[in-house]
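Student: Keeping their order, the protein sequence lines are chains F and L. The first sequence begins at 1 in our numbering and counts up by one. The second sequence begins at 1 in our numbering and counts up by one.
Careful, some of the hints might be misleading.
Listed next, the stretches of chain L that the computed footprint assigns to chain F, with coverage defined by at least 3 CB atoms under 8 angstroms from CB atoms of chain F [said to hold, decoys possible]:
| no. | region |
| --- | --- |
| 1 | 61 to 69 |
| 2 | 122 to 134 |
| 3 | 234 to 245 |
| 4 | 325 to 337 |
The hints are simulated quantities; they were obtained by calculation from the structure and are not laboratory data. This one's a predicted model, so the numbers in the text were calculated from it and none came from an experiment. For glycine and all other residues, C-beta sits at the position ideal for the given N, C-alpha and C.
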Amino acid sequence: MPEARVIPLRSDGGRPRPRPRPAPRRASRPGVGSLQERTEAARGMEPADAVDAAPTVGEVAALPTPEGPSDLEARVAEVGEFLQRRLTGRYSVDDFGFDRDLTEHVVMPLLRPLYEHWFRVETIGTENVPLSGGALLVANHSGTLPLDALMTTVAAHDDLPVPRHLRMLAADLVFGLPGVGAAARKAGHTLACNADAEALLSSGELVGVWPEGFKGIGKDFADRYKLQRFGRGGFVSAALRCGVPIIPCSIVGAEEIYPKIGDLGPLARLLGVPYFPITPTWPLLGPLGLVPLPSKWYIEFGEPIPTDTYEPGAADDPMLVFNLTDQVRENIQQTLYRLLAGRRNAFLG
Amino acid sequence: MSEAPSVVLVTGVSRFLGGHLAARLAADPSIERVLGVDTTPPSREMRRRMGRAEFVRVDIRNPLIGKVISTAKVDTVVHASLSGNPAQSGGRSMMMEMNVIGTMQLLAACQRSDTVRRLVVKSTSAVYGASRRDPATFTETTEPKAIPPGGYAKDAVEIEGYVRSFSRRRPDIPVTTLRFVNLIGPRIDTSFVRYFSLPVVPVVMGYDARVQLLHEEDAVAVLERAAAEDLPGVFNVGAAGVLMLSQAIRRAGRISLPVPQPAVPLIGRFTRRARLVDFSPEQLRLLNFGRVVDTTKLQDEFGFTPRWTTVQAFDDFVAGRNLRPVIDPATFGRAQNAALAVARALPTGS
Numbered sequence: 001m002p003e004a005r006v007i008p009l010r011s012d013g014g015r016p017r018p019r020p021r022p023a024p025r026r027a028s029r030p031g032v033g034s035l036q037e038r039t040e041a042a043r044g045m046e047p048a049d050a051v052d053a054a055p056t057v058g059e060v061a062a063l064p065t066p067e068g069p070s071d072l073e074a075r076v077a078e079v080g081e082f083l084q085r086r087l088t089g090r091y092s093v094d095d096f097g098f099d100r101d102l103t104e105h106v107v108m109p110l111l112r113p114l115y116e117h118w119f120r121v122e123t124i125g126t127e128n129v130p131l132s133g134g135a136l137l138v139a140n141h142s143g144t145l146p147l148d149a150l151m152t153t154v155a156a157h158d159d160l161p162v163p164r165h166l167r168m169l170a171a172d173l174v175f176g177l178p179g180v181g182a183a184a185r186k187a188g189h190t191l192a193c194n195a196d197a198e199a200l201l202s203s204g205e206l207v208g209v210w211p212e213g214f215k216g217i218g219k220d221f222a223d224r225y226k227l228q229r230f231g232r233g234g235f236v237s238a239a240l241r242c243g244v245p246i247i248p249c250s251i252v253g254a255e256e257i258y259p260k261i262g263d264l265g266p267l268a269r270l271l272g273v274p275y276f277p278i279t280p281t282w283p284l285l286g287p288l289g290l291v292p293l294p295s296k297w298y299i300e301f302g303e304p305i306p307t308d309t310y311e312p313g314a315a316d317d318p319m320l321v322f323n324l325t326d327q328v329r330e331n332i333q334q335t336l337y338r339l340l341a342g343r344r345n346a347f348l349g
Numbered sequence: 001m002s003e004a005p006s007v008v009l010v011t012g013v014s015r016f017l018g019g020h021l022a023a024r025l026a027a028d029p030s031i032e033r034v035l036g037v038d039t040t041p042p043s044r045e046m047r048r049r050m051g052r053a054e055f056v057r058v059d060i061r062n063p064l065i066g067k068v069i070s071t072a073k074v075d076t077v078v079h080a081s082l083s084g085n086p087a088q089s090g091g092r093s094m095m096m097e098m099n100v101i102g103t104m105q106l107l108a109a110c111q112r113s114d115t116v117r118r119l120v121v122k123s124t125s126a127v128y129g130a131s132r133r134d135p136a137t138f139t140e141t142t143e144p145k146a147i148p149p150g151g152y153a154k155d156a157v158e159i160e161g162y163v164r165s166f167s168r169r170r171p172d173i174p175v176t177t178l179r180f181v182n183l184i185g186p187r188i189d190t191s192f193v194r195y196f197s198l199p200v201v202p203v204v205m206g207y208d209a210r211v212q213l214l215h216e217e218d219a220v221a222v223l224e225r226a227a228a229e230d231l232p233g234v235f236n237v238g239a240a241g242v243l244m245l246s247q248a249i250r251r252a253g254r255i256s257l258p259v260p261q262p263a264v265p266l267i268g269r270f271t272r273r274a275r276l277v278d279f280s281p282e283q284l285r286l287l288n289f290g291r292v293v294d295t296t297k298l299q300d301e302f303g304f305t306p307r308w309t310t311v312q313a314f315d316d317f318v319a320g321r322n323l324r325p326v327i328d329p330a331t332f333g334r335a336q337n338a339a340l341a342v343a344r345a346l347p348t349g350s
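Working from the sequences, and respecting the hints, build out all of it.
Tutor: Below, the structure written as structure tokens:
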């Protein structure tokens, strides 16, 4: 058993280092932004976008406009092509229902403003996520609604050196909800069960899991940043079976978006949901209460914990699985404390 | 090496799968005799296709089937008559009778026979059910989370139970159980085919199922292979790849009509009354959650890889049925050009 490690608080001078601001997404428009910004944006462009944009640019470049294609034209052409693909069904989904085209062109652009401007997410330790191959990202869960999970998918797509699609494992409740379930499948997420986790990991996907589940996301505001029980260690045995690294991921900021100060149990049972939260603004202010508070977020990817060093039968050794689960949990808890100690204000960072 | 069949009995020859299988087997000169049984005679076109295969009009629910097997010295039985399409089987209760009681009688006859040495049963992936708690793909050993409440899927579960007890009693007879996903193609007639042929396709609001299909020709080829060799076991049979229900409807050029969940049974009753589609409750659940099966075992152990992927099979169906898009794609192209022209005319701002 690995001994409990003492992780020093304030390891990097107290405050988490702010990452360099991401280059504005639409800075490729000529005449807007500095040269440096523009080149940065061009470098940060994901390959899929580049491929999609290539024919459009070529087509529009043939027009007799002296200064090349205008931004608006390129965008109209791109949107047109996207709509045509969607209306004729000329796109592909994988066995899990993951629709890459839709995720990159609709889901990500919808989440991005929230990520960049509302929560001002800073990512730390992006070099700890492997550029390719299977890996299991394990994170703390909080915030009443799973916005932390959604923001982590944006982080994995936008802030990693190579964009990756985080395939999350979600509760069965998600897949029973009309609209939500279908959207979750299309964004690449699937049911939290060992069969699906192992299928995704062994096909080289980056899989995200929130082992605290409803206990973590639905805990009271008073219990913020206190990790709950980490499930039954199913995620560890899945990682062991596939021999993929476990990446502890600590999210700070999500606890403050909907401070849950009460719970209407009977109403929750009536609606068939695990809890019915009361926050300072919900249900008092009606739909306005659904607006999350603009807390400042940090997402830290910790050092990968390798699992391929164990013997083949390790996944069937419950003691080993429990120990490894505790190690991951402890790692995340300590990182949370360190990030919190470096944070002066929940909203300003 | 398993012995090649010499006298084959195929059930359900008046329908696509049984009829085409009988025709394929009849075209194989190494097979001595092919007997096709059904309660209704096959169509003229099908009988011409079946060539030298003999048609015996017998109800498999009748003990007479035992006589047929013993007098003809049948050595291979292919039970392909399991049907999920009430429209073809004379109503729902009749379909259940034919499926369950027919299988029981057929198995009883096979158990008594000392000539039968191979049994192939067509089953369905509906035995896995469809619920929100199911994993993304089903392997042959996945336990269903929600036992299908009734109808075709429950019949199939029961039939598989009878088949299992049959193989316990006659361990000398290798039994192949094939769990087919929904079949599609230009010629086959199933509830699914009828569903996609509606000009306006009702779907469950807020849900989008993953659909896995199998081309009709692949289905016949799988049965043919199972009849020719000893390949005991349970196998999922489906094509590679997945289509979303909404995507399939768009590919077929249909228009989808989202129906709120509580109104779905009502729409189901309407389409049945109007003799458009008869969708059983578990097929409606399929429209909610979809179902995808893992076909690794089919490829590795059974040794069969479907020629068509799900998307190719569906496109072949669309092309073969001559489905015309309800909205002309050219209209869309014109709209896109107009939008581009507007974008060009606007000041660029740079």
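Student: Evaluate each hint against the coordinates.
Tutor: Outcome of the hint check:
Only residues whose beta carbon comes within less than 8 angstroms of a beta carbon in chain F count, and the region 61 to 69 of chain L has 0; fewer than three means the coverage is violated. Figure legend: the region 122 to 134 of chain L, annotated as covered by chain F; annotation consistent (3 residues with Cβ-Cβ distances under 8 angstroms, at least 3 required). Check result for the region 234 to 245 of chain L against chain F: holds, 4 residues qualifying (beta carbon to beta carbon below 8 angstroms, three or more required). Counting residues of the region 325 to 337 of chain L whose beta carbon lies closer than 8 angstroms to any beta carbon of chain F gives 5, which reaches the threshold of three, so the coverage claim holds.
Hint compliance for this structure: hint 1 alone is broken.
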